[in-house]
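J.: Make a model of the complete structure from these sequences and hints.
These protein sequence lines are chains U and X, in that order. In this text, residue positions in the first sequence follow this note's numbering: the first is 358, and each later residue adds one. In this text, residue positions in the second sequence follow this note's numbering: the first is 53, and each later residue adds one.
What the hints contain is simulated information worked out from the structure, not anything from laboratory work. Wrong hints could be hidden among the right ones.
Restraint ranges, calculated between C-beta atoms of paired labels, are given here [unchecked claim]:
#1 X/E67 - U/R372: 43 to 49 Å
#2 U/E375 - X/Q97: 26 to 32 Å
#3 U/E375 - X/E108: 44 to 50 Å
#4 X/R103 - U/S444: 32 to 38 Å
#5 X/E131 - U/E459: 22 to 28 Å
#6 X/Q97 - U/S423: 25 to 31 Å
#7 U/E459 - X/T121: 22 to 28 Å
#8 U/E420 - X/H59: 33 to 39 Å
#9 U/R379 - X/E131: 39 to 45 Å
#10 X/G107 - U/E420: 41 to 47 Å
Covered, in the sense of this in silico footprint (three residues per stretch, anywhere, with C-beta under 8 Å from a C-beta of chain X), are these stretches of chain U [said to hold, decoys possible]:
#11 389-399
#12 402-415
#13 462-470
All values derive from a computational prediction rather than experimental measurement. Where a beta carbon is used, it is the ideal one built from N, C-alpha and C, also for glycine.
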Amino acid sequence: NAGVMQNPRHLVRRRGQEARLRCSPMKGHSHVYWYRQLPEEGLKFMVYLQKENIIDESGMPKERFSAEFPKEGPSILRIQQVVRGDSAAYFCASSPGAVGAEAFFGQGTRLTVV
Amino acid sequence: GENVEQHPSTLSVQEGDSAVIKCTYSDSASNYFPWYKQELGKGPQLIIDIRSNVGEKKDQRIAVTLNKTAKHFSLHITETQPEDSAVYFCAADYSSASKIIFGSGTRLSIRP
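T.: Structure (structure tokens):
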């Protein structure tokens with residue numbers, strides 16, 4: 358049973374480009390969370406999704422950021438017109454149920470904006 | 053508001069000694085308190101969790117305690133080993149807001 362799979366592991370984008378980060382949850386998990394981690398800092402909640410629904414996006418910037426979790430395929434975190442301040446590690450976690458069920462993290466995508 | 057405070061931010065202990073990390077949370081409705089270990093360059097790994105219906109839980113050298121009245125919970129690692137060196141995060145669920153909020157992390161170093 359494979360764990361949470363994130364790709365790519367490393368992503369370099371020039372300012373103004375788009376970044377697409379993918380997350381495939383563990384088998385049987387229908388809940389996905391995205392977190393951002395700056396160097397030497399903690400994990401900041403961004404968004405919580407279930408299949409085809411955004412449940413809580415209170416931690417996601419209102420502009421340039423979007424997330425989806427379609428019926429088929431991985432969850433996608435999209436950052437448009439990236440800026441240097443978007444450089445961070447982005448982690449995805451999945452769980453089999455709502456908050457209160459164990460959540461397992463992927464290895465993260467490290468985004469560098471140059 | 054939604055807040056989890058974690059102390060200390062760094063902790064250095066002699067190999068074989070115990071390490072304790074403490075957290076407090078603000079939402080009295082929180083019921084689930086996981087702990088994660090993050091090694092350099094890797095994602096956080098769930099190491100133990102506790103729910104509000106119990107006060108203590110143990111798993112080999114790791115134990116967690118929960119005081120719901122005081123809104124405190126702690127991680128205890130006994131007989132520390134070099135491989136315990138990592139950053140540890142506590143977390144609490146905010147059910148009303150459907151998310152898990154993390155503490156700021158504790159960098160644990162084990163001295164040989």
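J.: With reference to the structure, classify each hint as holding or not holding.
T.: Each hint, compared with the structure:
The given range of 43 to 49 Å is respected by X/E67 and U/R372, whose C-beta atoms sit roughly 46 Å from each other. Checked against the hint of 26 to 32 Å, the C-beta distance between U/E375 and X/Q97 comes to roughly 31 Å, which is consistent with it. For U/E375 and X/E108, the hinted distance range of 44 to 50 Å is satisfied, since their beta carbons lie about 48 Å from each other. In this structure the supplied range 32 to 38 Å holds for X/R103 paired with U/S444, their Cβ-Cβ distance being about 37 Å.
Between X/E131 and U/E459 the beta carbon distance is about 25 Å. The supplied range of 22 to 28 Å therefore holds. The beta-carbon spacing between X/Q97 and U/S423, approximately 28 Å, falls within the hinted interval of 25 to 31 Å. Distance hint for U/E459 and X/T121: a CB-CB separation of about 25 Å, consistent with the stated range 22 to 28 Å. In this structure, U/E420 and X/H59 meet the distance hint of 33 to 39 Å, their C-beta atoms being roughly 35 Å apart.
Distance hint check: the CB atoms of U/R379 and X/E131 are about 40 Å apart, consistent with the given range 39 to 45 Å. X/G107 and U/E420 have their C-beta atoms about 45 Å apart, which keeps the hinted 41 to 47 Å range intact. Only residues whose beta carbon comes within less than 8 Å of a beta carbon in chain X count, and the stretch 389-399 of chain U has 4; three or more means the coverage holds. Here's how the stretch 402-415 of chain U fares: 5 of its residues keep a CB closer than 8 Å to some CB of chain X, so the rule of at least three is met and the hint holds.
Check result for the stretch 462-470 of chain U against chain X: holds, 4 residues qualifying (beta carbon to beta carbon below 8 Å, three or more required).
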